[in-house]
Amino acid sequence: MAGFEFYGEGPPGVDLEELTGKLIVLEGTDGVGRSTQIALLKPWLENHGHAVLVTGMTRSALAGDGIKRAKEGHTLSGSTMSLFYATDFADRLENEMIPALRAGFVVLTDRYIYTLMARSIVRGADPDWIRKVYAFALRPHVVYYLRTQIEHLIPRVLHSTGFDFWESGADLRLGETMYDSFVEYQTRLLKQFDAMTEPFNFEVIDASKSIEQVFEDLQARITRHLE
Amino acid sequence: MKMYGEHKFQGRLFIAEGIDGSGKSTQLALLQKWLDSEGYTVFFSEWNSSLLVKDTTQRGKKKRMLTPMTFSLIHATDFADRTDHAIIPPLKAGAIALADRYIYTAFARDVARGVNPQWVRGLYSFAVKPTLAFYFRVPLETAMKRIVGGRDSLKFYEAGMDLGLSDDIEESFKLFQGRIIAEYEKMVDEFGLVVIDATQSIKQQQAQMRNLVTQALRGAKKMPVRRWLDLSSTVKGRRA
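For the protein sequence lines, the chains are Z and A, in the order given.
Under this note's numbering, the residues of the first sequence are numbered 1 to 227, in order.
Under this note's numbering, the residues of the second sequence are numbered 228 to 467, in order.
Chain Z on its own, in the form it takes in the complex:
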């Protein structure tokens, strides 16, 4: 398997030659089942002898709490939010993912820059600007895009947490109710993900299937990939 590269220029002081692990990304909209699949994949990979690091958004030691607090205020503008998330991402990239990759881990990440870019663009950011912001990101070995239709998402969201303010894009005032807003917001996000599929080489996984079927699909693909 080919080595690592950055999309553009990476953070100062990173030697790509030292990175021996694998970077695997699961992407997809809210409620599509990414966390469930990661929870299944981690022990499975460990059983096969791989050391695994799981990471996900707003989990950085630096900016995670700050973002959560800022979101409570609902005063984040598009560019501020984009950059706050980029800070969180950079902290995790430099302090979690890269050290783990250096140590030869399989890094499983629950979302990556694609979700962050999609959200920013839906909130009015210039697509070219946000892509350049994330030019310091590592190009993953593989991106599995868990794709489903909006109709499949709604029951899943209702079963878990209900319609969250930010997941419904309520800051954008897209609809009269949280439901309308959710449908419109997630539809716009799906459109952005679909548009990124080709340029960023996503492997599309049909996430409307059962958890077991999706897991089997992922297992087969990851096995081929790690060989």
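Rather than coming from a laboratory, the hints here were simulated on the basis of the structure.
Here a beta-carbon is modelled for each residue, glycine too, at the ideal position from N, C-alpha and C.
Incorrect hints may have been included.
[Unchecked claim] Derived coverage of chain A by chain Z (criterion: at least 3 residues anywhere in the stretch with Cβ under 8 Å from a Cβ of chain Z; other residues may be distant): (1) 289-299; (2) 338-348; (3) 435-442.
Following the hints, put chain A in place on chain Z, whose structure we already have.
Just chain A now, kept in the frame of chain Z:
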């Protein structure tokens, strides 16, 4: 999202740049006093002032968690919030926005930390282009003498201690600020910064600033505000 240079607001934006100890804050404060007295509505903002990200920045600095990359991004986040709250609204209202440090601070510091110059310029491309950007040029030795308190007042990141240039904080500060000056000098032509010789007297520098600002203010609207003191005396007068 609007990009650098595209904004066409009624107001005016004057910004001050330079290393610590260059005297830029003193000059900007004097400029503000004068603009106030001339009947303009002035809105002041400074670097690192967003309440939204303040805790994160402070924590990162205190615990020394910041890399050149996250240092750059957290300041850009702060600046985006400041743009939305302290720069664009006054400019739209036709007022005068004054900014103590602006995007050039990031370009100087982040590049001095090894961040890619093009990347950091792109990061800030949403910023409003200033009407006039003053750069207070001062030799490092002069600036260092002005920073009262000496070595105890030097902070970890300001001294570039994260770069490991020297174990001695004063030595590190000199080396790092020297790099920053070099970056500012490169930007004079690139961004048309107005150079003020900051070794001159405070009065001379202020006179130069006011002269240039006066020209840039042609057509700007004055919005004198009645202070609460005036209002209270009016109320008192009526009651009597």
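Outcome, coverage hint (the region 435-442 of chain A, chain Z; C-beta under 8 Å; three residues): Answer violated; 0 residues pass the 8 Å Cβ test.
Within the region 338-348 of chain A, is the number of residues with a Cβ closer than 8 Å to a Cβ of chain Z three or more? Three-residue rule met by the region 338-348 of chain A, so holds; n is 5.
Can you tell me if the region 289-299 of chain A counts as covered by chain Z, using C-beta to C-beta distances under 8 Å and a minimum of three residues? holds (count 6)
Going down the numbered hints, you'll see the structure goes against just number 3.
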